[in-house]
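Undergrad: Input sequences plus hints: build the corresponding full structure.
Top line first, the protein sequences correspond to chains H and A.
Under the working numbering, the first residue of the first sequence carries the number 40, and numbering increases by one thereafter.
Under the working numbering, the first residue of the second sequence carries the number 40, and numbering increases by one thereafter.
For the record, the hints were derived by calculation from the structure and aren't laboratory data.
Heads up, a few of these hints could be off.
Which copy is meant is left open, so a pair is good if it fits within one copy or across any two.
What the hints assert, rightly or not - Below, computed lysine to aspartate or glutamate pairings styled on DMTMM-like, alpha-carbon distance capped at 20 Å:
id	residue 1	residue 2
1	K61	D222
2	K91	E42
3	K91	E79
4	K61	D128
5	K89	E79
6	K61	E125
7	K61	E223
8	K89	E103
9	K89	E164
10	K127	D159
11	K61	E219
12	K91	E125
Predicted, not measured: the structure shown is a model, and the values here were computed from it.
Number of protein chains: 2
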Amino acid sequence: MYEGAVQDLIDELGRLPGVGPKSAQRIAFHVLASDAEEVERLSRALTDVKAKVRFCEICGNVSEQPQCRICTDTRRTSDILCVVEEPKDVVSIERTREFRGRYHVLGGAINPIDGVGPDDLRIRELMTRLADGQVEEVILATDPNIEGEATATYLARMLRGMGIAVSRLASGLPVGGDLEYADEVTLGRAFEGRRRVEA
Amino acid sequence: MYEGAVQDLIDELGRLPGVGPKSAQRIAFHVLASDAEEVERLSRALTDVKAKVRFCEICGNVSEQPQCRICTDTRRTSDILCVVEEPKDVVSIERTREFRGRYHVLGGAINPIDGVGPDDLRIRELMTRLADGQVEEVILATDPNIEGEATATYLARMLRGMGIAVSRLASGLPVGGDLEYADEVTLGRAFEGRRRVEA
Numbered sequence: 040m041y042e043g044a045v046q047d048l049i050d051e052l053g054r055l056p057g058v059g060p061k062s063a064q065r066i067a068f069h070v071l072a073s074d075a076e077e078v079e080r081l082s083r084a085l086t087d088v089k090a091k092v093r094f095c096e097i098c099g100n101v102s103e104q105p106q107c108r109i110c111t112d113t114r115r116t117s118d119i120l121c122v123v124e125e126p127k128d129v130v131s132i133e134r135t136r137e138f139r140g141r142y143h144v145l146g147g148a149i150n151p152i153d154g155v156g157p158d159d160l161r162i163r164e165l166m167t168r169l170a171d172g173q174v175e176e177v178i179l180a181t182d183p184n185i186e187g188e189a190t191a192t193y194l195a196r197m198l199r200g201m202g203i204a205v206s207r208l209a210s211g212l213p214v215g216g217d218l219e220y221a222d223e224v225t226l227g228r229a230f231e232g233r234r235r236v237e238a
Numbered sequence: 040m041y042e043g044a045v046q047d048l049i050d051e052l053g054r055l056p057g058v059g060p061k062s063a064q065r066i067a068f069h070v071l072a073s074d075a076e077e078v079e080r081l082s083r084a085l086t087d088v089k090a091k092v093r094f095c096e097i098c099g100n101v102s103e104q105p106q107c108r109i110c111t112d113t114r115r116t117s118d119i120l121c122v123v124e125e126p127k128d129v130v131s132i133e134r135t136r137e138f139r140g141r142y143h144v145l146g147g148a149i150n151p152i153d154g155v156g157p158d159d160l161r162i163r164e165l166m167t168r169l170a171d172g173q174v175e176e177v178i179l180a181t182d183p184n185i186e187g188e189a190t191a192t193y194l195a196r197m198l199r200g201m202g203i204a205v206s207r208l209a210s211g212l213p214v215g216g217d218l219e220y221a222d223e224v225t226l227g228r229a230f231e232g233r234r235r236v237e238a
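TA: Here's what the structure looks like:
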């Protein structure tokens, strides 16, 4: 459609998640109109991320060192381990400043439709980490959807009988939300998980 | 939030049009999970487009040569000139296969709010092209929105008394929309039904 280099860029951009043909075209023309320096920065950021970033050999989070900042932070407790699906979940939880333990990143969730089974996740690595008996509690912080629940159930079964407390993040109404906009499942969970109020 | 290279990439991606923080994060993790070769291709496509692509010295369309493929195509008629805002509009019109004349790309539309006046568009170049009297009809194919209409009206006035037929794409294009989002059939009909403009 376009001449070589423009179409090549549109094609490459179109392979990115969430970037359709129209967005790819819009981005390509934005790039054409940008300073060469700005484009150079984006181009370098792309190759840098592949060259510099690896996965932490302990927890599987993204890291520029063999071990990530959280795994090497001596101020954090090793008694409690939070299991998440993706590195971005670590960022979300860190933002709450509620958790001072360690993480384990599975790299996804069990999803038979997409062909993701337990062996495709970092579950073996999790069991190896737990073998030394240092961890007292595992929080299963997988997503509150079908795949995340299935993964949590699978892991809870694997951890049974190891003398480790296993917990799951509470489901309920989002804080600041409106009850009338909550879906049935969330509202049902909020009822199940209701807590006594000391007035 | 993330370590250096990942956050750098998220920041750079977030500057692209239509890419919010969540999309930038999703794309960054997609990049991390992609083959190095694939990322290299995207990175190269970005710098290539800046290095190789220029604007056709005749029509202002994107081109890897001093003159674009359409301007140098001897099978096309030079009697009829289609004036568009952006290179992507040329692609949309070419897709209809309704038009066998030449193009003139203005590089935008008159938009006082964004500070784009007639002098910021390739209008002088248009008048120079028309000076030799070869063009018999000018089709004003600017977008059917306020800025596009204003630009068409402005051009129609400038072209008055030059002995050139001036037309505007027929309505049928949704008013308030963008030309680039029109489907081939609608855009083709709009070509067929173009009307003479009395300025």
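Undergrad: Decide, hint by hint, whether the structure agrees.
TA: Right, here's what the structure says about each hint:
1. K61 / D222: between (30 Å within a copy, 13 Å between copies)
2. K91 / E42: Only across copies: K91 and E42 sit 10 Å apart there, 33 Å inside one copy, limit 20 Å.
3. K91 / E79: both (17 Å within a copy, 14 Å between copies)
4. K61 / D128: between (30 Å within a copy, 12 Å between copies)
5. K89 / E79: both (16 Å within a copy, 9 Å between copies)
6. K61 / E125: between (29 Å within a copy, 14 Å between copies)
7. K61 / E223: Close across copies (15 Å), not inside one copy (33 Å); limit 20 Å.
8. K89 / E103: within (10 Å within a copy, 30 Å between copies)
9. K89 / E164: The answer is neither: 23 Å in one copy and 45 Å across copies each exceed 20 Å.
10. K127 / D159: This pair counts as within: shortest intra-copy Cα distance 18 Å, inter-copy 43 Å.
11. K61 / E219: between (26 Å within a copy, 9 Å between copies)
12. K91 / E125: Answer is within: at 19 Å inside a copy they meet the 20 Å cutoff, but 38 Å across does not.
The structure fails to meet hint 9 from the earlier list, while all remaining hints are met.
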